[in-house]
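Trainee: Add chain B to chain A, keeping to what the hints say.
Line by line, the protein sequences give chains A and B. Numbering-wise, this note's numbering comes out as the position in the first sequence, counting from 1, plus 14. Numbering-wise, this note's numbering comes out as the position in the second sequence, counting from 1, plus 1470.
It is possible that part of the hints are untrue.
Unchecked claim - Keeping only pairs whose Cα atoms sit at most 20 Å apart, straight-line, the calculated PhoX-like set for lysine-lysine is:
1) B:1616 with B:1656
2) B:1656 with A:287
3) B:1602 with B:1616
4) B:1552 with B:1483
5) A:287 with B:1616
6) B:1616 with A:344
7) A:161 with B:1736
8) B:1484 with B:1568
9) B:1552 with B:1484
Unchecked claim - Partial selection, computed: residues in chain B whose CB lies under 7 Å from chain A:
10) 1538
11) 1662
12) 1858
13) 1860
14) 1936
What the hints assert, rightly or not - Ranges of calculated distance between the beta carbons of each label pair, as one might list FRET restraints:
15) A:159 with B:1472: 54 to 64 Å
16) A:306 with B:1897: 54 to 64 Å
17) A:323 with B:1480: 40 to 50 Å
18) B:1877 with A:223: 54 to 64 Å
19) B:1913 with A:205: 47 to 57 Å
20) B:1750 with A:415: 32 to 42 Å
Derived from the structure by calculation, the hints contain no laboratory data. Even glycine gets a Cβ: it sits at the ideal position worked out from N, Cα and C.
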Amino acid sequence: MSGQRGPDDLRLLAERLVELARRAGADEVEVGVGEGTEFNVDVRLGRVENLVEAGSRVLGLRVVKDKRTATASSSDLSWQTLSRLVRNAVRRAELANRDEFAGLAPLSATHVDPLALNLHDPEIRTLDAATKVRLALETERVARADKRITNSHGASFITNEAWTMLANSNGFRGEYEQTYCGLGVSLQAGGTDDRVEDSWFSSKRRFRELASPEEIARTAVARTVRQLKPRKVATQRVPVIFEPTQTAWLLGFLFSCANGVAVYQRASFLADKLGQRIGNERVTVIDDALLPGGLGSRPFDSDGLPSGRHVVVENGVLRNFLCNIYAARKLGLPSTGSADGTGVSPANFFLQPGTRTPGEIIASTKRGLLLVRTLGHGLNSITGDISRGAFGLWIEDGEIAFPVSEVTICGNLGELLETVEDVGNDLEFYGAIAGPTVKVAEMTVAGA
Amino acid sequence: MNDPLLIPREDLKKTLAAALSRGGDFAELFLEHRVYNSIYMEEDILKETSETIVIGAGVRVLVRDQTGYGYTNDLAPDKLVKAALTAAAIASTRPRAKVLPPRERHGPRRRVAETARPAHRAALARKIALVKEAYDAARGFDPRIKKVKAGFSDSLQRILIINSEGLLIRDERPMTKLTCLAIAEKNGLREYGYWGGGGRVGLEYFRDVMTPRTAGEEAAREALLLLEAVDAPAGEMPVVLSPGHSGVLIHEAVGHLLEADFNRKKTSIFWNKMGRRVGTEQVTIYDDPTIPAYRGSYDVDDEGTVPRRTLLIERGVVRGLLQDRLSARLMKRPPTGHGRRQDYSHWPIPRMANTYIDRGEYDPEEILRSVSKGFYVARLQGGQVEDSGKFTFSVSLGYLIEGGRLTAPVKQATLIGSNIEVLGRLEKVGADLEFGLQTGTCGKEGQEAPVADGCPTMKITRMTVGGRT
Chain A
15 MSGQRGPDDL RLLAERLVEL ARRAGADEVE VGVGEGTEFN VDVRLGRVEN LVEAGSRVLG
75 LRVVKDKRTA TASSSDLSWQ TLSRLVRNAV RRAELANRDE FAGLAPLSAT HVDPLALNLH
135 DPEIRTLDAA TKVRLALETE RVARADKRIT NSHGASFITN EAWTMLANSN GFRGEYEQTY
195 CGLGVSLQAG GTDDRVEDSW FSSKRRFREL ASPEEIARTA VARTVRQLKP RKVATQRVPV
255 IFEPTQTAWL LGFLFSCANG VAVYQRASFL ADKLGQRIGN ERVTVIDDAL LPGGLGSRPF
315 DSDGLPSGRH VVVENGVLRN FLCNIYAARK LGLPSTGSAD GTGVSPANFF LQPGTRTPGE
375 IIASTKRGLL LVRTLGHGLN SITGDISRGA FGLWIEDGEI AFPVSEVTIC GNLGELLETV
435 EDVGNDLEFY GAIAGPTVKV AEMTVAGA
Chain B
1471 MNDPLLIPRE DLKKTLAAAL SRGGDFAELF LEHRVYNSIY MEEDILKETS ETIVIGAGVR
1531 VLVRDQTGYG YTNDLAPDKL VKAALTAAAI ASTRPRAKVL PPRERHGPRR RVAETARPAH
1591 RAALARKIAL VKEAYDAARG FDPRIKKVKA GFSDSLQRIL IINSEGLLIR DERPMTKLTC
1651 LAIAEKNGLR EYGYWGGGGR VGLEYFRDVM TPRTAGEEAA REALLLLEAV DAPAGEMPVV
1711 LSPGHSGVLI HEAVGHLLEA DFNRKKTSIF WNKMGRRVGT EQVTIYDDPT IPAYRGSYDV
1771 DDEGTVPRRT LLIERGVVRG LLQDRLSARL MKRPPTGHGR RQDYSHWPIP RMANTYIDRG
1831 EYDPEEILRS VSKGFYVARL QGGQVEDSGK FTFSVSLGYL IEGGRLTAPV KQATLIGSNI
1891 EVLGRLEKVG ADLEFGLQTG TCGKEGQEAP VADGCPTMKI TRMTVGGRT
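Same shape as in the complex, but just chain A (with noise of 0.2 Å):
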């Protein structure tokens, strides 16, 4: 690892802040570093438009004291600065109140091997910045050399490697490495008061799995210039299709009430709903922390609990809420290994796919929208409700007739989720969080 320090100092000052915690009279302590260096190029109009390298580090900390908590984060590695946030944090805990579900997770005798989920890639560190510019550059040109393309807010290649441990009072140990590359392109077509805009990217842990800047360019500029020309339709209620890419944010939306932290906060629509039905027979959702070289894949999570796969929908049935430790107790259910931090986060988080193809789905439907970019929030996960404004491509008689803009769509996410008409057989992961070509029965279609 590239660091400033090397990890073998940084674990070191890890067992040290442990040490110097209990003495200051923490009954348990946690303390998890950080170290990262990250390269970024962004290029433009076939020129280099900002050139980004750097290496950073953090630490954060736990403690609880007579069931009291109090957190902890520094920047700032210096003994001086951190032994002052430990003795800090020892003294903060307790003006909390006592909180019996407070505390460490105990220590799992089950251990996830960090090597087995292929997180790393060394070629990251050799690849030299004039390939990485080169990359994104061309990207661009390919995008570019298409006459439709009137702009561009540029291309951009990242790449990010990092170091993670975790130590606790429990004797947890536990480190891994892992790396992320990234190509992508932001364009737009037509002139200035009638322009349309979209993008196309590839993300990967390793270098060499990453698309191709042809590829990428391509699906960009498809994604683009399908949008010139856009009517506004009225207002009514007609099926949608999401396109994957919009099926991952409807997905985040369910994790987001599936989140165990916002169920036992009661901040969910599905937080009384654990073991009942709360879709049809064709959603099923998992969460998976394991598998190789996934985006969100991780041996053990920020509770240092070892992280596994778990089935958050089954064919419509709700199964598991996905918990650290603390939601987990408050909750009596077991942690999924989803800590992150404070709260929760997703692993490889997706819908299980279906058979037809994207095409066929769209063959199959009479008259509605293919939802293929949303704008704005409007989501709320105590009530389930979904408002957004829309762009996509309008459906009469199985075949693509136009692109439509500036309409919304609204709904409501339990009953998306029972209307699932289709789910198709496209399936890829461009994120943590990923699902297939999804068709519901009715949602609301605002326009004119």
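Mentor: Here is chain B on its own, set in the frame of chain A:
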């Protein structure tokens, strides 16, 4: 404790020299030390407090429109030079700018921060009491309030900027924020309400301007109202926007696309519209980073420029852009002091501060009375815009307008429009200018910045409301 920002001037100059060692027009070193404290209460207990320390330095080299950037958490002289050499990689063998001897400047005499009782110096117990007050006010408001979350945070960011043009400036930026979220339940139905406040203020604000009790009660009141709310209507209709909260619309519809970078790059719909009419006579918009105590305010921006109130749109005509140093230089315009960055690990880009539509002449009551059937936007959550001018914003609470009066409360809906079309339909602007909650954060290119926005009561003759009925 040693001040980590007290670095010998020789080392700062050496860093700048290293940054320009391969050429370049300009080099800058941004040093930051930030202490951030937070307190969080839920489930009737004070659950957790936290303390965060951020330390770091970012070095930037500019070559015409190109930026090289390096950053580090370690402020040792050799690490600063290493970051500078990384940033230098952008340049190659062009004649390079000279490093001029630094002369320390000072920000404006009148500071934006109003902190009679600075939060970072107050005892933790005092801040905990504020959180409890908000929590209890929401929890005890009504038996239907089932869950409450309340939090308080304060931070003190200290920066030092030195650049190759001889600028050396320091700044201290305090910030506080108190928020409350209340969840109401009735017959299996759940809704939430939110309220909060803060800004560049001390603890006296929570006694004199917005009490924690108000935050708790307003959050509870909104949640309870939503329990009785009907689904939003769908389709095009007249829309009336509440004063203050609806400033989000101006932020999204206008503010972002008048940030200079999007115009320099000709990606914004406004790039060719300087001096041209894009809205009705009613529309005059400013961004003002100098409003005392406000969340979006600052004495100097993140590249050391003293900001000023900037006119963006005057009676419907585009008059100005939000400039940072780079865009200002490339566009040959004066900088406006809107170069902001999230922290040392990012370079500055043009950002909004406190954006608002100026007061008009209409009586707010009269505006409402002029709508026989339409939608009233009471509270908003945020929005998004793309360079084409299409924008959305999410309404967390609205009302139906029937016969010039507010009738049923309405739940969540997204409104969508094209900015120039909507500005052209901005028929009436009220005389009641207000700002929204001082808790907002704006995201752009992966960087977050605290902002505020405001507006008077306004009427848009026609806009698409994304409800379901």
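Trainee: So, for every hint listed, does it hold in this structure?
Mentor: So, going through the hints one by one against the coordinates:
Restraint check for residue 1616 (chain B) and residue 1656 (chain B): satisfied, since their Cα atoms lie roughly 10 Å apart, inside the 20 Å limit. At most 20 Å may separate the alpha-carbon atoms for a hinted pair to count; residue 1656 (chain B) and residue 287 (chain A) meet this at roughly 17 Å. The suggested pairing of residue 1602 (chain B) with residue 1616 (chain B) holds, with an alpha-carbon distance near 16 Å, which does not exceed 20 Å. Using a Cα cut-off of 20 Å, the hinted pair residue 1552 (chain B) and residue 1483 (chain B) holds, with the two alpha carbons roughly 14 Å apart.
Distance check on the hinted pair: residue 287 (chain A) and residue 1616 (chain B) sit about 18 Å apart at the alpha-carbon level, within 20 Å; holds. For a cut-off of 20 Å, the pair hint linking residue 1616 (chain B) to residue 344 (chain A) stands: about 16 Å separates their Cα positions. Distance hint between residue 161 (chain A) and residue 1736 (chain B) is fulfilled; the C-alpha atoms sit about 17 Å from each other, no more than 20 Å. Distance hint between residue 1484 (chain B) and residue 1568 (chain B) is fulfilled; the C-alpha atoms sit about 12 Å from each other, no more than 20 Å.
Taken as a hint, the residue 1552 (chain B) and residue 1484 (chain B) pair is honoured in the structure, with Cα atoms around 11 Å apart against an allowance of 20 Å. Hint status for residue 1538 (chain B): holds, given a least beta-carbon distance of 5 Å to chain A, under 7 Å. Contact between residue 1662 (chain B) and chain A, as hinted, is supported at the beta carbon level, the nearest pair being about 5 Å apart and thus within 7 Å. Contact between residue 1858 (chain B) and chain A, as hinted, is supported at the beta carbon level, the nearest pair being about 4 Å apart and thus within 7 Å.
The closest approach between the C-beta of residue 1860 (chain B) and any C-beta of chain A is roughly 6 Å, which is under the 7 Å cut-off, so the hint is satisfied. Given the 7 Å rule on beta carbons, the hint for residue 1936 (chain B) holds: about 3 Å separates it from the nearest Cβ of chain A. At about 56 Å, the beta-carbon gap between residue 159 (chain A) and residue 1472 (chain B) stays in the expected band of 54 to 64 Å. For residue 306 (chain A) paired with residue 1897 (chain B), a C-beta distance near 60 Å keeps the hint of 54 to 64 Å intact.
Checked against the hint of 40 to 50 Å, the C-beta distance between residue 323 (chain A) and residue 1480 (chain B) comes to roughly 57 Å, which is inconsistent with it. At about 57 Å, the beta-carbon gap between residue 1877 (chain B) and residue 223 (chain A) stays in the expected band of 54 to 64 Å. Look at residue 1913 (chain B) against residue 205 (chain A): about 28 Å separates their beta carbons, and that is not inside 47 to 57 Å. The given range of 32 to 42 Å is respected by residue 1750 (chain B) and residue 415 (chain A), whose C-beta atoms sit roughly 35 Å from each other.
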